[in-house]
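These protein sequence lines are chains A and B, in that order. Numbering-wise, the first sequence is residues 0 to 201 according to numbering that gives the first Met the number 0. Numbering-wise, the second sequence is residues 0 to 469 according to numbering that gives the first Met the number 0.
Take every hint as true, because none was put in to throw you off.
Across the chosen pairs, the derived CB separations fall in these ranges: (1) A:Ala95 x B:Trp190: 21 to 29 Å; (2) B:Thr118 x A:Gly173: 52 to 60 Å; (3) B:Val277 x A:Val84: 51 to 59 Å; (4) B:Thr209 x A:Ser3: 45 to 53 Å.
Because the hints were derived from the structure by calculation, they are not lab data. Here the structure is a predicted model, which is why all the values come from computation and not from measurement. Ideal placement from N, C-alpha and C gives every residue a C-beta, glycine not left out.
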Amino acid sequence: MTTSGPLLYVRSRTVPRTVAALAATAALAVWAAHELDAYLDPDRRVPVIALAPLFAAAVIGTSLYTASEELDRTAVRPWWRRRLVHLLTLTALAAALLPWAVLGHASFFGPSAMIRNTLGCTGLTAAAAALLGARLSWLPVFGYVSAVYLGASALRGNSVPLWAWLVQPAAERGAWVVALVAFGVGGVLYVLRGARAEGARD
Amino acid sequence: MTLIAAQDHAHGQEPGQQAHDNAPSAPPPRASRRPRRASRHPLRAEFLRGFAPWTGVALFLAIAVAMAGTSAQWQGGWAETRGRLHTTAVLLGVPLALAAGCRQGGRERRRRTEELMATAVRGTLARFLAAALPVACWAVAGYVVAAALTLLATALRATGDRPDLVAPLTDAVALASAVLVGHVVGRRLPWRLTPPLLAVAGYVVLGFVTYDSTGSLRHLTPIGDTSDIDVPVWWQPLVMAVWTGGLAAAAVLAYAARRRFTALLPLAAAMAAGTLLVQTGDGLWHTNPVARRQVCDTSTTPQICVNARYEDLLPQVTAALADLTGRLDGVQNLPVRFTDLPGEPGPDEVRLPITTPIGWTVVRGRLASPRQFAWEAGMALYDRAECDTAVDPSVARVDEAVQHYLAPNPLAGDFDKLEAEGSEADRAELRDRLEARARLREMGGEERRAWLSAYFATARACDPSEVPAL
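Can you build the whole structure from these sequences, using the hints too?
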């Protein structure tokens, strides 16, 4: 019995496990939003809005790892289409699952803010996978998100929405632009170059 | 790792590489170079190569950037610095340290050197520590550098009180413990997603325990209480270090020791420390004795006092209020002093405009806006907030005129301009107000002092007929 190419690709990138992890993340986010009594005040959703996309992005980022990088490069068919479909499908799945945790209050910290953060974090992770390697791709975005989450509440100024896009209300247009640019640049970088080759010693 | 590292060094390779990459093309070591290379300790490579130094850099950057971003809110106050550094180190550093340790723990699996390591002469514990301690040391080093820079920044703008050097030590123990626990988890679950999962779990646990700030379990997190006027009892950092360190030591021993029951000893110590922390509860913290004192300038009327935590601010505050106190010279019925202590002010006292939390009125050891501060101090001299009815417009006009004479609102000009462009009623109100200000200004010195004395006798009165008219 022969197994089709896409199925082998899905298996080699541990996509089933990744999908399960994304579903678990969404479930955890729903639980956390409920435990934080977020229906009282949309501001209380900020931890969920910041952390759930971070973890979803880490899950997606680590799924970009390939165990046979050198072998992959010898393939006849171009890889970019598979990479594109891989990244877009998982991002779309995360962006569809996570907003269930924060329904309502669309202009503050509602579903659209969750989608924006998912796109932005995934873009950063994809860029990190292309530059650092997929297994460690969660590290830069993790440090960035933590620092913004802790520091942004204390800061005021015109440039804050640009770099603290993660904790801005959904109505803030500059934050959307930054997140989309991050997703675009990171996605293109990964789709064109693939995850950086990692030796077994790293 | 240590065991084959000595051989690795002869080739100048990273330890472990030899296990699967035993390059036959490597030139044989020359006899003349061997003694110098062999004298290097095998642990040296573990400390200087691989992931460990990056952990230190990452931790330093995360903490330093987060501290620098919020520097206006802690620089200049030792208690604020301690609280902010502590929160940042724990909330940001502990998840990062867990993730770093976890990643290092999965190293043997990634390199496929697990079986090779199992054949080594040294015991599991020695091999475990050789791999885990460098990351822990680098994490602590990154934190120590960030903490030193933070303390230095505050020392340059300090306004009183003294630094707390014990709290950073507790944080360092917590970070090292997090690395070790992460390493154990990484060894047990060598999976790509374990490090970020563990970091997020650390976040969620720390976040939830802090969020529920009433539960007694919060005394177990290294975050503890971060109130600026409270300080811990002297043994709290020690017990906290035993709690976090004991848990980590128990995890390490249970995983790697030859006699696993030895893990019970640190576990028992950690449990005892944890019980002590939970049982003592709020008793772990008491008000800083310094915060209950104030230093006063008694040469003015009213006297000016600032909290002893900010004693060096007194000259700035006195200078900012110099115009106000100068105009009140010789006036009767004034409060005795501006006071700056926790709790309600006494009957003859009024509260100094708040200087805390720093970052608003006081920024980096300086009064941000002396005119605004003087206006707020003038506003504190009368109080009709407890009247049952709304303040009569004529009384409000008199109050405003007195405020304007003592220390005008920095924005008064803008408000006047807005009203001058407003409706007919606004313009009439503005006219009356300007007239009241002019009448007070044009009084002779003696007449004005007498009028002000009569006015301040009714500073809390609600009946409009009691307040002298202008």
